[in-house]
Amino acid sequence: MKSIRQRLSLLFLAGFGVLWILAGAAVCYSYRAGLLAGMESELQALARQVRMNQMVGGPGPGQGPRHGGGGPSAFDLGPDIRWQIWFVEDGDSARSDNLTADLPRLNPPLGGSVTRTLTLDDGVHVMLVSGRFGMGERGAEVAVARDLAGVRRKLLGVFAGILIAGLAGAGVSMLWVFRVVREGLSPIRRIADKVEAMDADSLGPAFEVDETPIELHPIVTRLNGLMERLEEGIARERRFSSDLSHEIRTPIAELRMIAESALKWPEEAGQDAWKSAVESLDRMENVTLAMLRLARLERSPTERPNENLPLRQTIEELWKPLSEKAAARRLELNLECDAEIAVVGDPTLWRNVLGNLLGNAADYADEGSQVAVSGDRAATDRNATVRIGNSAGALKQEDVARLFDRFWRGDTAREESAHCGLGLPLARACAEAMGLRISAARRPNDGWLEIRVEPGDS
Amino acid sequence: MRVLLVEDSARLRDSVAKALRRSGYAVDESADGEDGLWRAQEVDYDAVILDLMLPKLDGMELLARLREAGKETPVLILTARGEVEDRVAGLRGGADDYLCKPFALEELLARVDALCRRGHGRGSSVIREGDLEIDIDARAASRGGEPLDLTAREFRLLQILMLQRRRILSREQLERHLYEERDEPMSNAVDAAVYQLRRKLKAAGAGSPLIHTRRGQGYVLEDCG
Chain A
2 MKSIRQRLSL LFLAGFGVLW ILAGAAVCYS YRAGLLAGME SELQALARQV
52 RMNQMVGGPG PGQGPRHGGG GPSAFDLGPD IRWQIWFVED GDSARSDNLT
102 ADLPRLNPPL GGSVTRTLTL DDGVHVMLVS GRFGMGERGA EVAVARDLAG
152 VRRKLLGVFA GILIAGLAGA GVSMLWVFRV VREGLSPIRR IADKVEAMDA
202 DSLGPAFEVD ETPIELHPIV TRLNGLMERL EEGIARERRF SSDLSHEIRT
252 PIAELRMIAE SALKWPEEAG QDAWKSAVES LDRMENVTLA MLRLARLERS
302 PTERPNENLP LRQTIEELWK PLSEKAAARR LELNLECDAE IAVVGDPTLW
352 RNVLGNLLGN AADYADEGSQ VAVSGDRAAT DRNATVRIGN SAGALKQEDV
402 ARLFDRFWRG DTAREESAHC GLGLPLARAC AEAMGLRISA ARRPNDGWLE
452 IRVEPGDS
Chain B
167 MRVLLVEDSA RLRDSVAKAL RRSGYAVDES ADGEDGLWRA QEVDYDAVIL
217 DLMLPKLDGM ELLARLREAG KETPVLILTA RGEVEDRVAG LRGGADDYLC
267 KPFALEELLA RVDALCRRGH GRGSSVIREG DLEIDIDARA ASRGGEPLDL
317 TAREFRLLQI LMLQRRRILS REQLERHLYE ERDEPMSNAV DAAVYQLRRK
367 LKAAGAGSPL IHTRRGQGYV LEDCG
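Protein sequence lines correspond, in order, to chains A and B. Position one of the first sequence corresponds to residue 2 (our numbering), numbered consecutively onward. Position one of the second sequence corresponds to residue 167 (our numbering), numbered consecutively onward.
Treat the hints as calculated values from the structure; they're not laboratory data. These figures come from a predicted structure and were not determined experimentally. Using N, Cα and C, we set each Cβ at its ideal position, and we do this for glycine too. Be aware that a few hints might be false.
[To be verified] Taking CB as the label site, the calculated pair distances span: (1) A/Glu317 / B/Glu234: 51 to 57 angstroms; (2) B/Glu238 / A/Asp447: 27 to 33 angstroms; (3) A/Glu212 / B/Glu234: 33 to 39 angstroms; (4) B/Glu234 / A/Glu233: 28 to 34 angstroms; (5) A/Val210 / B/Glu234: 54 to 60 angstroms; (6) A/Glu229 / B/Glu200: 29 to 35 angstroms.
[Claimed, not checked] Derived lysine to aspartate or glutamate pairs resembling EDC-like cross-links, with alpha carbons at most 16 angstroms apart: (7) B/Lys368 / B/Glu295; (8) B/Lys366 / B/Glu312; (9) A/Lys265 / B/Asp297; (10) B/Lys184 / B/Glu272; (11) A/Lys321 / A/Asp364; (12) A/Lys265 / B/Asp303; (13) B/Lys184 / A/Glu269; (14) B/Lys184 / A/Glu268; (15) B/Lys368 / B/Glu272; (16) B/Lys237 / B/Asp262; (17) B/Lys184 / A/Asp273; (18) A/Lys276 / B/Asp180; (19) B/Lys184 / A/Glu261; (20) A/Lys265 / B/Glu273; (21) B/Lys222 / B/Asp201; (22) A/Lys397 / A/Glu451; (23) B/Lys366 / B/Asp303; (24) B/Lys237 / B/Asp210; (25) A/Lys326 / A/Asp367; (26) B/Lys222 / A/Asp400; (27) B/Lys184 / B/Glu347; (28) B/Lys366 / B/Glu299.
[Said to hold, decoys possible] Sample of chain A residues lacking proximity to chain B, with all beta carbon distances greater than 12 angstroms (derived): (29) Gly79; (30) Gly92; (31) Ser114; (32) Arg153; (33) Ser174; (34) Asp244; (35) Ala263; (36) Leu264; (37) Trp266; (38) Leu295; (39) Pro311; (40) Thr315.
Here chain A stands alone, though its shape is the one from the complex:
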């Protein structure tokens, strides 16, 4: 496909070409019409002159008048003028010397004239004006013809002038069109250059909206938005790769250090070393299993059981193993949920969701605070909405958006090997696998964090 610049240039040039041709044709036509009109007037005047000459006497010697002595005689108006007069009185006629045959009679009305262009018997293309003058016996019909070769010569000269001017104009137009098109398309060119120069390290809102023509504002605004989202996505992907690398490479490094140290200094290979090795293996196992679970959940949806799970009872069951840790951190569970409320879906996935959320709350709620769990059902045909809230003073407001990112952990969590930052992403994947939506919000004034699991269509 041709470039926009080429296409626009061709279209402009074609347009200019047509305009030049039409303008040239109009000029030629007007000029010709002017010439013919002038010639017609001239011939009409000459016709009157011929009649006067032939009826009352001519200006030159030997050109005697019909009334007042002498018969019709030659009356020379020039080599390219031919004339003929027909007298009513006797039906006789007189004609110029350069006329070898009679001119055609056009029967003009009395006092009027008729004009024709025609080719005479001798092959000369002429304009013929015929007029009728006088009444009664003094009446006469006069025809005057003039060769059109002069008109053609003049027209050819004008046409040549127009052609030369047209060619020069076309050249100037071409330069002008190329310049205008280049100038007009320069904002698009600049955008294209910027896009071409972009890579993963130079995304973000790259285009200045104020410097862009209004027509391109929607494109540039959308592009900027797209770039921002792309940058966020790439940054998130990089963080994920970096975190995954950290979570996998670090325990491998630990194991390797333990093994190499034991080989180099066998006296170091005591029980502590083996315990550390097992802990490293546990960490690797946790990360690997969580990643596999996530991968399975994100695969194409499979047939899942759809059962009722009593919410209150399930929460109590899941909180029991956490209660010791919660007591150590002086956390109190406040469960507001009627016994008959049930959540619907895959019981295993629901336990995964609720278990991860409760475990997270037990680990990261502010010490001596409350973990509030509530469940309600807006309608009988809809799934229940579950809210798990706790005070999270250490969590920054800007971190809320990253809570469900894989491997994201607050600073306080990073030192703990029990968490690898996959609990909340797993909870989200499980919820989404059941068509549920999971979201987090934090009240800026008191740092209360609430995670809500609700039907996906609400």
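With chain A held as given, fit chain B onto it using these hints.
For chain B alone, kept in the frame of chain A given last:
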């Protein structure tokens, strides 16, 4: 030689610190970026081993602030980030070396040795003064061709004296390089260590004494023979 190890993984930190200590280094440990930066600014370490993904303060930020503060301590980045751009960013950010996890123990030790040597303006691992020779990489010392049987701390003392030979080192300087933060050495610990080292050097060779006391100033290792 005294190094600072900044690593958030407790198990890796423990095992690396143990290996370094067994190789003759005094090691201070730090589990987060803020603490690591504070230590690196407070103490003149011979080298810093720095993880990048640290709690409280990212390793790259720590490094930048350390360099901003004018500290030229050699830094080895020890991280899971192994991409070319990460390594380039680390080295351009002021690090002297970069090692990706997982790594071989011997490679880590060799790189730390090289960093410490470079920090003292030495390129080779073998240093000679008179008939005394030490090979830092091989952790071996000999006098007149006779191998010396040194403890880790004695080797460390000899190493710092050889790296800065013919220069007077105060007791405080030697103490800073020899002992870890947790050691809390006795007030005469440096003198005692120097005494032991002198004794072993003397036993190994018939040459002139190499370690000299400069009264009120400290010690200097120099072959005056």
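Verification of the hints:
1. Distance hint check: the CB atoms of A/Glu317 and B/Glu234 are about 54 angstroms apart, consistent with the given range 51 to 57 angstroms.
2. In this structure the supplied range 27 to 33 angstroms is violated for B/Glu238 paired with A/Asp447, their Cβ-Cβ distance being about 46 angstroms.
3. A beta carbon spacing of about 36 angstroms between A/Glu212 and B/Glu234 agrees with the range 33 to 39 angstroms that was offered as a hint.
4. Between B/Glu234 and A/Glu233 the Cβ separation comes to about 30 angstroms, which falls inside the hinted range of 28 to 34 angstroms.
5. Taking 54 to 60 angstroms as the suggested C-beta distance range, the pair A/Val210 and B/Glu234 does not conform, at roughly 37 angstroms.
6. Against the hinted window of 29 to 35 angstroms, the Cβ-Cβ separation of A/Glu229 and B/Glu200 comes to about 32 angstroms, which satisfies the hint.
7. With a C-alpha separation of about 14 angstroms, the suggested pair B/Lys368 and B/Glu295 falls inside the 16 angstroms cut-off, and the hint holds.
8. Pair hint B/Lys366 plus B/Glu312 holds up; C-alpha atoms about 11 angstroms apart against a cutoff of 16 angstroms.
9. A C-alpha spacing of about 30 angstroms is found between A/Lys265 and B/Asp297, which places the hinted pair above 16 angstroms, so the restraint is violated.
10. Using a Cα cut-off of 16 angstroms, the hinted pair B/Lys184 and B/Glu272 holds, with the two alpha carbons roughly 13 angstroms apart.
11. Only pairs whose Cα atoms come within 16 angstroms are accepted, and A/Lys321 paired with A/Asp364 is accepted, the gap being roughly 14 angstroms.
12. With a C-alpha separation of about 15 angstroms, the suggested pairing of A/Lys265 with B/Asp303 holds against the 16 angstroms cut-off.
13. Simply put, B/Lys184 and A/Glu269 have alpha-carbon atoms about 9 angstroms apart, close enough for the 16 angstroms limit, and the pair holds.
14. Restraint check for B/Lys184 and A/Glu268: the C-alpha separation of about 12 angstroms stays at or below 16 angstroms, so the hint holds.
15. Using a Cα cut-off of 16 angstroms, the hinted pair B/Lys368 and B/Glu272 is violated, with the two alpha carbons roughly 32 angstroms apart.
16. A distance of roughly 13 angstroms separates the Cα atoms of B/Lys237 and B/Asp262; the hinted pair therefore holds under the 16 angstroms criterion.
17. For the proposed pair B/Lys184 and A/Asp273, the alpha carbon gap of about 12 angstroms is at most 16 angstroms, so the pair holds.
18. Annotation: proposed proximity of A/Lys276 to B/Asp180 holds, straight-line Cα distance about 13 angstroms (limit 16 angstroms).
19. For the given pair, B/Lys184 sits about 12 angstroms from A/Glu261 by alpha-carbon distance, which is consistent with the 16 angstroms threshold.
20. Distance hint between A/Lys265 and B/Glu273 is fulfilled; the C-alpha atoms sit about 13 angstroms from each other, no more than 16 angstroms.
21. For the given pair, B/Lys222 sits about 9 angstroms from B/Asp201 by alpha-carbon distance, which is consistent with the 16 angstroms threshold.
22. The hinted pair formed by A/Lys397 and A/Glu451 meets the criterion: a straight-line CA distance of about 14 angstroms does not exceed 16 angstroms.
23. The hinted pair formed by B/Lys366 and B/Asp303 fails the criterion: a straight-line CA distance of about 21 angstroms is larger than 16 angstroms.
24. Proposed proximity of B/Lys237 and B/Asp210 is supported: the alpha carbons are some 9 angstroms apart, at most 16 angstroms.
25. For a cut-off of 16 angstroms, the pair hint linking A/Lys326 to A/Asp367 stands: about 13 angstroms separates their Cα positions.
26. For the hint pairing B/Lys222 with A/Asp400, the CA-to-CA distance comes to about 14 angstroms; that is within 16 angstroms, so the pair holds.
27. Restraint check: the Cα-Cα separation between B/Lys184 and B/Glu347 comes to about 15 angstroms, which is no more than 16 angstroms; the hinted pair holds.
28. At most 16 angstroms may separate the alpha-carbon atoms for a hinted pair to count; B/Lys366 and B/Glu299 meet this at roughly 14 angstroms.
29. Separation of A/Gly79 from chain B is adequate, the least Cβ-Cβ distance of about 96 angstroms exceeding the 12 angstroms criterion.
30. Distance to chain B confirms A/Gly92 as a non-interface residue, since its nearest Cβ pair spans about 114 angstroms, more than 12 angstroms.
31. Every CB of chain B is more than 12 angstroms from the CB of A/Ser114 (nearest about 96 angstroms), matching its label as outside the interface.
32. Non-interface call for A/Arg153 relative to chain B: holds, since the shortest CB-CB distance, roughly 81 angstroms, exceeds 12 angstroms.
33. Chain B leaves A/Ser174 outside its interface by the beta-carbon criterion, the shortest separation being 52 angstroms against a cut-off of 12 angstroms.
34. For A/Asp244, the non-interface assignment is contradicted: its Cβ lies about 8 angstroms from the closest Cβ of chain B, within the 12 angstroms cut-off.
35. Residue placement check: A/Ala263 does not keep its beta carbon more than 12 angstroms from all beta carbons of chain B (closest about 10 angstroms).
36. Distance check for A/Leu264 against chain B: the nearest CB is about 9 angstroms away, which does not clear 12 angstroms, and the non-interface claim fails.
37. In this structure A/Trp266 is not separated from chain B by more than 12 angstroms, as the shortest Cβ-Cβ distance comes to only about 5 angstroms.
38. The Cβ of A/Leu295 lies farther than 12 angstroms from every Cβ of chain B, with a closest approach of about 20 angstroms, so its non-interface assignment holds.
39. For A/Pro311, the shortest C-beta to C-beta distance to chain B comes to about 40 angstroms, beyond the 12 angstroms cut-off, and the non-interface label holds.
40. The beta carbon of A/Thr315 is kept farther than 12 angstroms from every beta carbon of chain B, the shortest such distance being approximately 34 angstroms.
In summary, the numbered hints that this structure violates are 2, 5, 9, 15, 23, 34, 35, 36, 37.
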